[in-house]
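> One-letter residues, chain by chain:
2 protein chains.
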Amino acid sequence: MKLRPLLFILAACIAGSALRADEGMWLFSAPPRAQIKAKYGFDLTDAWLDHVRLSSVRFNSGGSASFVSADGLVITNHHVAADSLQKMGSKEKNILRDGFYAKTQADEIKANDLEVNVLQSIEDVTARINAAVPANLSGADAALARRKIIAEVEKESKDKTGLRSDVVTLYQGGAYHLYRFKRYTDIRLVFAPDQQIAFYGGDPDNFEYPRYCLDVTFFRVYENGQPIKSANFLKWSANGAADGELTFVSGHPGSTRRLLTIAELEYLRDNQVLYQLGQLKREEVLLNSWSGRSGENARRAKDELFGIQNSRKVSDGRIAALQDPVFFGAKVAAEKALKQKLADMPGGTEALAAYDRIAAAQKVIAGLAHRSRAINSLNSDSFSIANRLLRAGDERPKPNGERLSEYADARRESFEQQLFTDKPIYTDLEILTLADSLTMFVADLGANDPVVLAVLAGKSPRVRAAELINATKVRDVAFRKKLYEGGAAAVAAAKDPMIEVARVLDPESRALRKSFEAQNEIKQQAQAVIGKARFAIDGTNNYPDATFTLRLSYGPVKGYVENGQKIPATTNFAGLYARAADQDNKPPFDLPPQWIAKKSALDLTVPFNFVSTADIIGGNSGSPVINRAGEFVGIIFDGNLQSLAGDYGYDDIEARALSVHSAGILEALKKVYEVPALVAELTAGKR
Amino acid sequence: MKLRPLLFILAACIAGSALRADEGMWLFSAPPRAQIKAKYGFDLTDAWLDHVRLSSVRFNSGGSASFVSADGLVITNHHVAADSLQKMGSKEKNILRDGFYAKTQADEIKANDLEVNVLQSIEDVTARINAAVPANLSGADAALARRKIIAEVEKESKDKTGLRSDVVTLYQGGAYHLYRFKRYTDIRLVFAPDQQIAFYGGDPDNFEYPRYCLDVTFFRVYENGQPIKSANFLKWSANGAADGELTFVSGHPGSTRRLLTIAELEYLRDNQVLYQLGQLKREEVLLNSWSGRSGENARRAKDELFGIQNSRKVSDGRIAALQDPVFFGAKVAAEKALKQKLADMPGGTEALAAYDRIAAAQKVIAGLAHRSRAINSLNSDSFSIANRLLRAGDERPKPNGERLSEYADARRESFEQQLFTDKPIYTDLEILTLADSLTMFVADLGANDPVVLAVLAGKSPRVRAAELINATKVRDVAFRKKLYEGGAAAVAAAKDPMIEVARVLDPESRALRKSFEAQNEIKQQAQAVIGKARFAIDGTNNYPDATFTLRLSYGPVKGYVENGQKIPATTNFAGLYARAADQDNKPPFDLPPQWIAKKSALDLTVPFNFVSTADIIGGNSGSPVINRAGEFVGIIFDGNLQSLAGDYGYDDIEARALSVHSAGILEALKKVYEVPALVAELTAGKR
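Protein chains in written order, with the working numbering: chain A, 23 to 709; chain B, 23 to 709.
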């Protein structure tokens, strides 16, 4: 369950009162010391927290990871690495599908466009941000003022420390924290298993349990051409965690929306999630069908298809939760109860009025959404590059604080790295996705809309897509650099047809974005009011909604009961072979050849996957599971179907986090893959 | 390209002037004698036409076929037979996938619920129908009067002749013909190849060319427990048709909409086809994902999935045509030109006013469509049976002419055969599809709609679907019979929860249907006015839009040019093996084992598939391709992607009909399947 980077994050909210056991994605700056001490008798010391934090790694492409040796060795999920693995491959050598092992350091392959971050410090800058946004400013002006001060704080920090510096909005705007990250971009592949065992059971088994996935990939972090010395890393636990044992998860949950108001949840239920489902299912059919035409097509589309199927299951799970009268009824009842409390407390009226402002803003957003989605729907890498070139030309000359946020100076390096990546872009796949999205573009705006007429230029979506993709030069990195460096004048002079299409869409896209941002600002201000009132009621036992920043979750290894049937906490290698046999070893339940060949060498009783009650969500993929001793006992790779409601609320009854067991990983590396150097590095904690 | 029986047929229209070469799906009662004589020098004699008509067979499940021996042997497509083959199979014996051959007559397996029809006569009853619908009646009253007289004519004919009697609306209501069919229901399977070669290349190659499909299945028609004597059958041509040779297609095109008004086409483009695409893609993802979880799931869902993928490609092709400014612009220009002619001719004003009435009615329909689709969206066999039991109880006591059309006496036998079929219904698949459709039901009507609240009864779509499917008794055939015989009182007394859900939906479903029918009646009357005016302009060189009744098409075997590349008319066995090798013999391009084993026995130069310019569409699947001598030279199984615009217009440049070659079928039966008795029967024309 990799975080889809494009996921539309509506708002950040604070968590509420009456937490369930083991609930929470806690800030490292406000850990749940008391709860853990009370329930598990364990002290979360500063040393333990610092060690875990500095051992934790964020993959900016949308996942989590951790250092597992002193020589920069990092473990993440195979599915977090999939995009990179696919780009490293070629028609001749399919690394994503077949796996990889670097026998020597010289064999380690550099990923084209990976950026990983390690959190160095957290600073509360709430007072400074709020001071720069006068209370009398209106929505749009306040948004601009806030963006300006945020950009200023980020730039100042970046200039001073050299560290990536992001101001993170927490507690619905109740707090602003400055997160400083050490940033690494030379990331090299050490080991990946074949995808068939990494994603065993494929889309059908995704979000299901019991499971049998070796969803791991090892990278090494380099700096100045040499592996870094990672002083903080998680010692590998050869035995892993036992049933019932307390474990911790340190990772980067992408987004949760647990304290949205009912008006906002209704919008998700009746509009946003339905739209996403329609889009995802359309893209899934497109890529599935195209992949079926040849093995090479399948290789080219695999990673994207994988992400789409994953997101589709997530959205299916979300709509199921939102449409469940019991689940949704409980949310309605909770809001009603809180409003009652607000009505009875001093200053509560202001918070009640804030609810109304959110509902009104949500209504405006609902009115903008259809057209906004359509205007921004053209789906191809070529269009996306063209659009960024166009906007960079227009944005760069502006003062830093007045630019669209992704063009701020603090994000420049990451932006340029992305823009100038030479990752392969496939013309046929580009035409396919652009034609399909142009079809929906016409459908959503109407065939006679002036923007549609201008974009199609009298051609059908298919013909126009082929024409644009074949004619544009933006897939040439040198061309991109030339235009980027030449600025708006060079961009205009190029008369590149794809850039000119982006130019047609740009004014309305910007105008709609501005309107959205104004409404989100109104909501954010109102949410801050509610957040403060809530805080007054709930006290300090709170965690903010997820924001793809480092969080700590916890809970024991624990099975559950589903439809009256007991599901044990742990699976083992014997279960893997039994599942393959049950399914006649047919895809996606077929075992890779070396797994069949090495069966007799394996200890089949060794644990393979396990579940725990830790509170996780998309973005946590690749998070280390850690024991009290601060050791690596497993790696998060999924949640079960029941966990998908986690966007809106936590459940400790059936919802579970799924992990690969540290003992299972070691057994596979030793006996199936026979990679003694890697095993030795994990066991010794160094090369 | 099997006709989807549920396809919503909007209207029947007449064909227009300025026909292209080889255009047309001609009535057997008004064949294109002059055109064929002029272009090909061939006389369509009455004897030739009668022979071909009586050799032609309609599969009521949605396809075409023909007699190919004097002993009731019928050939159709494997994909037309797929639904039956799937139902004949079991967990142990997968007939759909693995094929079947009855070595002796005793081995022939009866299909559960097939009905085939052979057209005996065509009678023009236009005057009688029109006389019973006074010109001064309003939309709804006129519809009722027409339904009443149609039911009366059908019943009278059925009583008199014992034949199935259907009044068919032609030329947009410009004509009504009484079609009398000999009806057979004891249809037994003789031979089916494995699905892998029947549907070689699967969904990826569907609607593509070149192709390599042995898309055939042989049945035998029985009556009174014995094979019938089919005096008229098509003699098998061992050599088939050569490149450039004139061929005919006698089959049952399901529906075309070539002369819809622009207002109606815009509705398809902006509403109906988009809705269908969304629904099809949703169902495709659902069944694909579920099929992936186990081989048994895949077997259960395969035929339905197959139909959905097929329909999805059709809809993709339709939206591509409708969104193409060139194609659509030509339709707009043609309507404008016709309107100009109408404005200049006496009585033309009435036709022009009819255009406005159609546009107005279309607007009303657009307003009803969303809710109507939602109210009728619950997708499971159990619900469908429950709904029919409920309605049968209410409809049967009414006078024949006042019933909903599918409950008319003339359709009673077919209706009861369908209702009481003991075809397997899978509980797990039922829960899956019902839950998914309930999710969209809530999405489309809103969570707080009274109908939604009543249907869900406080449960989530998933929980409610499981509850309903597990609790209903309608999957028990004896229970169905009891309720059907007991009528409305017995239905009410049963308190079956699924029937009670149908009862919740029934009033609004009926009301919406009534509104639709009133608007369609307005459109039909207006279309008849336009049709008559057109007829005055175009003369007799017209064919009506397709109506799933027997039609004659024609055209030579002929290749085409695509993106500048020449596509030859015919493929051969060598091409099949080359394609499999190119794709590493991976699914869906893998060859079945016996095809690999028998390769050396085959003459690889024998033609396998071929294309011709004949004008066909969904429902034509299984149609015989016939030479001047009235012999069987091939069987239609698909059209290429370019042919998908055929719903709205004919193209002889790139659009092609795809057939399996008679020589290729014989070669495969002889050398791969080694079925000498079947080969002998085909060769001799009798057993």
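FYI, nobody ran anything at the bench for these hints, they're computed from the structure. Think of the CB as a built atom: it goes at the ideal place given N, C-alpha and C, for glycine as much as any other residue. Wrong hints could be hidden among the right ones.
Within a straight-line C-alpha distance of at most 25 Å, the following computed BS3-like cross-link-like pairs (lysine-lysine) qualify [stated by the list, open to error]:
1. A:K335 - B:K495
2. A:K481 - B:K608
3. A:K608 - B:K113
4. A:K608 - B:K170
5. A:K481 - B:K125
6. A:K324 - B:K115
7. A:K358 - B:K517
8. B:K517 - A:K608
9. A:K113 - B:K608
10. B:K132 - B:K251
11. B:K536 - A:K324
12. A:K132 - A:K708
13. B:K536 - B:K170
14. A:K608 - B:K324
15. B:K132 - A:K481
16. A:K503 - A:K481
17. A:K257 - A:K59
18. B:K504 - B:K481
19. A:K353 - B:K481
20. A:K481 - B:K588
21. B:K621 - B:K608
22. B:K517 - B:K481
23. A:K353 - A:K335
24. B:K693 - B:K708
25. A:K109 - A:K588
26. B:K503 - A:K115
27. A:K385 - A:K536
28. B:K608 - A:K109
29. B:K358 - B:K132
30. B:K495 - B:K445
31. A:K588 - B:K481
32. B:K109 - A:K335
33. B:K503 - B:K481
34. B:K620 - B:K608
35. B:K420 - A:K324
36. A:K608 - B:K608
37. B:K335 - A:K335
Computed, partial: chain B to chain A, Cβ under 7 Å [said to hold, decoys possible]:
38. G300
39. V307
40. G314
> For every hint, state whether the structure bears it out.
Comparing the hints with the structure gives:
no.: 1; hint: A:K335 - B:K495; result: violated (32 Å)
no.: 2; hint: A:K481 - B:K608; result: violated (36 Å)
no.: 3; hint: A:K608 - B:K113; result: holds (16 Å)
no.: 4; hint: A:K608 - B:K170; result: violated (56 Å)
no.: 5; hint: A:K481 - B:K125; result: violated (56 Å)
no.: 6; hint: A:K324 - B:K115; result: violated (33 Å)
no.: 7; hint: A:K358 - B:K517; result: violated (37 Å)
no.: 8; hint: B:K517 - A:K608; result: violated (44 Å)
no.: 9; hint: A:K113 - B:K608; result: holds (16 Å)
no.: 10; hint: B:K132 - B:K251; result: holds (18 Å)
no.: 11; hint: B:K536 - A:K324; result: violated (48 Å)
no.: 12; hint: A:K132 - A:K708; result: holds (21 Å)
no.: 13; hint: B:K536 - B:K170; result: holds (15 Å)
no.: 14; hint: A:K608 - B:K324; result: holds (16 Å)
no.: 15; hint: B:K132 - A:K481; result: violated (52 Å)
no.: 16; hint: A:K503 - A:K481; result: violated (31 Å)
no.: 17; hint: A:K257 - A:K59; result: holds (23 Å)
no.: 18; hint: B:K504 - B:K481; result: violated (30 Å)
no.: 19; hint: A:K353 - B:K481; result: holds (15 Å)
no.: 20; hint: A:K481 - B:K588; result: holds (24 Å)
no.: 21; hint: B:K621 - B:K608; result: holds (18 Å)
no.: 22; hint: B:K517 - B:K481; result: holds (19 Å)
no.: 23; hint: A:K353 - A:K335; result: holds (22 Å)
no.: 24; hint: B:K693 - B:K708; result: holds (21 Å)
no.: 25; hint: A:K109 - A:K588; result: violated (41 Å)
no.: 26; hint: B:K503 - A:K115; result: violated (62 Å)
no.: 27; hint: A:K385 - A:K536; result: holds (16 Å)
no.: 28; hint: B:K608 - A:K109; result: holds (24 Å)
no.: 29; hint: B:K358 - B:K132; result: violated (54 Å)
no.: 30; hint: B:K495 - B:K445; result: holds (15 Å)
no.: 31; hint: A:K588 - B:K481; result: holds (24 Å)
no.: 32; hint: B:K109 - A:K335; result: violated (30 Å)
no.: 33; hint: B:K503 - B:K481; result: violated (30 Å)
no.: 34; hint: B:K620 - B:K608; result: holds (19 Å)
no.: 35; hint: B:K420 - A:K324; result: violated (58 Å)
no.: 36; hint: A:K608 - B:K608; result: holds (13 Å)
no.: 37; hint: B:K335 - A:K335; result: holds (24 Å)
no.: 38; hint: G300; result: holds (6 Å)
no.: 39; hint: V307; result: holds (5 Å)
no.: 40; hint: G314; result: holds (4 Å)
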